[in-house]
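> So the chains spell out like this:
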Amino acid sequence: MPTPPCTDPVVLNLWHPLSAVAETAAGQDHTTTLLEEQIGYAWSPDAGARAWRTGATQHQLPTLVRYGYIWTSLGTPPKDLFSIPEYDEPDRRNMNASTIGVHVSAPRAIENFLDMAHFPFVHTDVLGSEPHTEVVEYDVDVSAERDEVLATRCRMFQPKASASSSAGAEVEYVYRVPHPYCSILYKTSGDDPGRKDVIAVFLQPVDQEHVRAHLLLSVLDDAHEDKEIRNFQQSIFGQDKPILENQFPKRLPLDPRSETPIRADKSAVAYRRWLSGKGITYGVIPAGR
Amino acid sequence: MITLFDYELSSDCYQARLALAVLGLHYSRVDVEFYPGREHETEWFTELSPLQQLPVLRDEHTTLYDAQAILVYLAARHDATGTWLPRRDPVLVGEVTQWLGLSRALASSAGAARLHESLGHVTDVTAARARAHTLLRTLDEHLWFGEQEGRSWLCAADHPTIADLAVFPDVALSEEGGVSRIDYPAVRRWTDRVKRIDGFVPRSGLFPGGSAAAPWPR
Ligand SMILES: [Fe+2]
Chain A
1 MPTPPCTDPV VLNLWHPLSA VAETAAGQDH TTTLLEEQIG YAWSPDAGAR
51 AWRTGATQHQ LPTLVRYGYI WTSLGTPPKD LFSIPEYDEP DRRNMNASTI
101 GVHVSAPRAI ENFLDMAHFP FVHTDVLGSE PHTEVVEYDV DVSAERDEVL
151 ATRCRMFQPK ASASSSAGAE VEYVYRVPHP YCSILYKTSG DDPGRKDVIA
201 VFLQPVDQEH VRAHLLLSVL DDAHEDKEIR NFQQSIFGQD KPILENQFPK
251 RLPLDPRSET PIRADKSAVA YRRWLSGKGI TYGVIPAGR
Chain B
1 MITLFDYELS SDCYQARLAL AVLGLHYSRV DVEFYPGREH ETEWFTELSP
51 LQQLPVLRDE HTTLYDAQAI LVYLAARHDA TGTWLPRRDP VLVGEVTQWL
101 GLSRALASSA GAARLHESLG HVTDVTAARA RAHTLLRTLD EHLWFGEQEG
151 RSWLCAADHP TIADLAVFPD VALSEEGGVS RIDYPAVRRW TDRVKRIDGF
201 VPRSGLFPGG SAAAPWPR
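Those protein sequence lines, which keep their order, are chains A and B.
Under UniProt numbering, the first residue of the first sequence is numbered 1, with each subsequent residue one higher.
Under UniProt numbering, the first residue of the second sequence is numbered 1, with each subsequent residue one higher.
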C-alpha cells in the first residue's frame with residue numbers, strides 16, 4: 001500500500017532529527033528522507049547546519065543543532081526543542097549510540113521504548129530476567145504545562161543494567177515523551193546511584209512505516225571507552241529491532257478499543273491518548289476510522 | 001590462545017562466533033566498532049586485515065581475515081571429531097565449499113539489503129533482494145529434497161558441517177533486509193534445526209529455539 005505524503009500539520013510543524021553531527025562529514029552535502037521528501041543537509045563548525053528540499057537549494061529549511069544532532073522542520077516549528085538539562089552537565093559522556101533504519105512507524109517505536117514488560121523476555125539476563133517479570137505499579141502523568149507524558153517510579157530488577165554494571169540491581173526508570181516521536185528515559189546510574197543515566201530515542205519519520213532511530217546517550221561512566229558504551233546499547237537495540245518490525249499493524253492504532261491494554265501498558269495508554277488529543281494522523285491509525 | 005576481532009551485529013562475525021561455540025573453544029574477543037566508529041578502517045586494523053574485513057581470527061601465529069577461511073581453519077585445526085569439515089570425503093569437501101560460496105553470495109545480496117535498510121548503505125536494494133530470493137529458492141528446494149531423503153543438513157551427511165554455520169546468519173536475519181522467508185518452509189525448518197545444534201549461540205535479534213523475530217505478545 002503506497003503511503004501518501006505527509007499532510008498532517010502537527011507533524012509538519014515538528015522539529016525532526018536528520019543526522020548525528022558526529023557522523024556528518026563537515027562541509028559536504030548529504031541527503032536523507034524525511035516525511036517521504038528528499039532532504040539535503042550540511043554542517044560545518046563555522047557555518048553550522050543548513051537543510052533544504054533537494055531540487056530547491058535556494059529555499060532553506062529551518063535548522064537547529066541540539067543534543068549532537070541536526071534538526072529541521074517542513075512546517076513552522078516552535079522556537080526551540082524540548083529541554084534535556086542533564087545533557088549540559090560537565091561530567092556526562094554524550095554520544096550517538098547509533099542511527100538505525102527500522103521498518104516500523106515512529107509511534108510504535110516510542111511505545112516499545114516505554115514498555116518495560118518486554119525486558120525479561122527480549123533483553124533476557126541484561127535488562128530483565130525471569131522470574132522477575134512483574135512490572136510494579138508506577139505513575140503516569142501528562143504535564144499540561146510542559147505538554148509531555150511522564151512515567152515515574154518504574155522499577156525492575158536488572159541483571160546488567162548498563163555497560164558499567166557488574167551485578168544485578170533494582171533499577172528505577174523515569175520516562176518522558178516531550179515530542180510525539182521522541183522519548184527520553186532516565187535510569188539509575190551504575191556509577192553514581194544518586195544520579196541517572198539518560199538514554200533518548202529520536203525518531204526520524206522516513207515515511208509512515210519507516211524510521212531512522214537516533215539513539216542519544218548521556219551517561220555517567222568513567223571506566224569504559226565510548227565504543228563499549230555504544231556497543232552495549234547497540235546490542236540491546238538489536239534485540240528490539242525484530243520485535244519492532246513484527247508489530248502489526250505497523251501504524252499505531254489510537255482507538256482505545258483496538259488493543260487490550262494490560263497494566264504495564266499504562267504509559268502506552270497515556271501516550272496514545274496524548275497523540276489523539278493532538279490530532280496526529282501520521283504514523284497512526286486515528287480513532288474512529 | 002584464540003582471539004576474535006569481532007563486531008556483534010556483523011553476520012560474518014556471527015559465523016565465526018557460531019563455529020567457536022559449537023566447537024567448544026575458549027577465546028577472547030576484541031570489539032571492533034564497525035559502526036559508527038569505522039574502526040575497521042583504522043591503521044591498526046588494516047594491518048591485521050588488509051581488506052578491512054571483519055572478523056579476524058588470531059590463533060598462535062596464524063591470522064585470518066575471511067569468515068569462511070576462519071570456519072575452515074577452526075574445523076581443520078580444532079575439531080577432534082572431524083565432522084564439521086569432513087576432510088577424508090572428497091564429495092563432502094566439495095559440497096561444503098559450494099555452500100561456503102553460497103554464504104558469500106548471500107552476504108552480497110541478503111546481507112547488503114540488510115545494511116541498506118539498517119545503516120543506509122548505498123546499494124541497488126531491489127536487485128539485492130531479487131538475488132537473495134533466487135538463493136533462498138535454491139536453498140529451499142535443496143533442503144526440501146534433502147528432507148525427502150532423510151537428510152537434515154546442507155551436505156549429504158547425518159550431521160551438520162561448517163556449511164550450515166556459514167549459511168545460517170544471513171538467512172536467519174533476512175527479514176531485516178526486507179527479504180521474507182514466508183515462501184521457503186524447508187528453509188525455516190532448517191533454521192530451527194540449526195538453532196538446536198549443541199552449543200548454538202544466539203545473536204542479538206535472533207531468539208534461540210522458536211522462530212526468529214516472534215512478535216512479542218502485547
Ligand atoms: Fe527493548
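Just so you know, the hints here were simulated from the structure itself, not pulled from any lab data.
For each residue, glycine too, the CB sits at the ideal point set by N, CA and C.
Treat the hints with caution; some may be incorrect.
If you want the ones that stay clear, here's a sample from chain A, every Cβ over 10 Å from chain B, calculated [what the hints assert, rightly or not]:
1. 28
2. 76
3. 87
4. 96
5. 101
6. 157
7. 160
8. 222
9. 228
10. 236
11. 238
12. 245
Selected chain B positions facing chain A (in silico; Cβ < 7 Å) [to be verified]:
13. 8
14. 31
15. 36
16. 37
17. 41
18. 117
19. 118
20. 201
21. 204
22. 205
> Are the hints correct? Go through all of them and say.
Hint check results:
1. 28: 15 Å, holds
2. 76: 28 Å, holds
3. 87: 19 Å, holds
4. 96: With a cut-off of 10 Å, residue 96 (chain A) comes too close to chain B, as the shortest Cβ separation is near 7 Å.
5. 101: 5 Å, violated
6. 157: 19 Å, holds
7. 160: It holds; residue 160 (chain A) is separated from chain B by about 14 Å at its closest Cβ, greater than 10 Å.
8. 222: 19 Å, holds
9. 228: Violated, because the least Cβ-Cβ distance between residue 228 (chain A) and chain B comes to about 7 Å, which does not exceed 10 Å.
10. 236: 8 Å, violated
11. 238: With a cut-off of 10 Å, residue 238 (chain A) comes too close to chain B, as the shortest Cβ separation is near 3 Å.
12. 245: The assertion about residue 245 (chain A) is violated, with a minimum of 7 Å to chain B.
13. 8: 5 Å, holds
14. 31: Residue 31 (chain B) check passes; min Cβ-Cβ to chain A is 6 Å, inside 7 Å.
15. 36: Nearest chain A Cβ about 5 Å off; hint holds.
16. 37: 5 Å, holds
17. 41: 13 Å, violated
18. 117: 5 Å, holds
19. 118: At about 5 Å, which falls below the 7 Å cut-off, the nearest Cβ of chain A leaves the hint on residue 118 (chain B) intact, so it holds.
20. 201: Status violated, d = 13 Å.
21. 204: 3 Å, holds
22. 205: 4 Å, holds
Checked against the numbered hints above, the structure violates hints 4, 5, 9, 10, 11, 12, 17 and 20; every other hint is satisfied.
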